[in-house]
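> Mapping to our numbering: the sequence shown position 185 is 186, numbers consecutive.
Hints in this document: simulated from the structure, not taken from any laboratory.
Keep in mind that the hints are not guaranteed to be accurate.
What the hints assert, rightly or not - Cβ-Cβ distance ranges computed for the label pairs, FRET-style: (1) Lys167 / Arg70: 32 to 42 Å; (2) Ala24 / Leu183: 44 to 54 Å; (3) Ala149 / Asp85: 40 to 50 Å; (4) Thr161 / Tyr117: 19 to 29 Å; (5) Ala73 / Met9: 20 to 30 Å.
Every residue, glycine too, gets a C-beta built ideally from N, C-alpha and C.
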Amino acid sequence: MPGPQQRMPREQRRDQLVGVARAVFAGRGYRTTSMDTIAEEAGVSKPVLYQHFASKQDLYLALIDDSARHLAGQVEHALNSTDDPRGRIRATYRAYFDFAISHREEFVILFNSDVYEPAAQARVRAMREGTVASIVSALQSFTDLDDAEADLLCRTLIGTAEVVIKQIEATHEIDIDATVDLLTQMSWGGLSSFATVVR
2 MPGPQQRMPR EQRRDQLVGV ARAVFAGRGY RTTSMDTIAE EAGVSKPVLY
52 QHFASKQDLY LALIDDSARH LAGQVEHALN STDDPRGRIR ATYRAYFDFA
102 ISHREEFVIL FNSDVYEPAA QARVRAMREG TVASIVSALQ SFTDLDDAEA
152 DLLCRTLIGT AEVVIKQIEA THEIDIDATV DLLTQMSWGG LSSFATVVR
């Protein structure tokens, strides 16, 4: 049972509610989670929860936005971590795997959710398109790929990462470092043929 409700600064309370809601939604799914459940898990009354979020959908959209910003930051950091094209590919794969494993609840919110609300789907699509744009820009920095070609290859890379991540979640038997190295070797083997400068 949660302890007695305590007063917190507004932003601190919001962060607490987001953290609790993320864990509940990731564990139970969107459709079977109620605001009553989240309030109970957070140790607050429903009116307190509704002071911060107008509805379950509003709360879930906030979770998507927070998780999307986190993943975007991870990917941007990976892409900016080196000027070496092959190193960029490896770092980006690693960013996806680290996010999926170390921040599993956020990964579930973005990629494995059972929510079908149009607004939520639109936010997830916007997140994906933002990530694609960043990676496309990185690909074009060392290749002569046009926009359509870079976009296609980028989505192939991201799709490959997501498929392997789901396999890891299912088996828990895959060596992450070895997997990142293998995917990097496979991807670079193809992308290097488009490179204008190979370092």
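> Do the Cβ positions of Ala24 and Leu183 conform to the proposed distance bound of 44 to 54 Å?
32 Å, violated
> Does the hinted range 19 to 29 Å hold for Thr161 and Tyr117 at CB?
Given a distance of about 25 Å, which is inside 19 to 29 Å, the answer is holds.
> Please check whether Lys167 and Arg70 have a Cβ separation lying inside 32 to 42 Å.
Roughly 23 Å apart at Cβ, these two residues miss the hinted range, so it is violated.
> Does the Cβ-Cβ separation between Ala149 and Asp85 fall within 40 to 50 Å?
Distance hint for Ala149, Asp85 is violated at roughly 26 Å.
> Is 20 to 30 Å right for how far apart the beta carbons of Ala73 and Met9 are?
28 Å, holds
Hints 1, 2, 3 from the list above are not met by this structure, while the remaining hints are.
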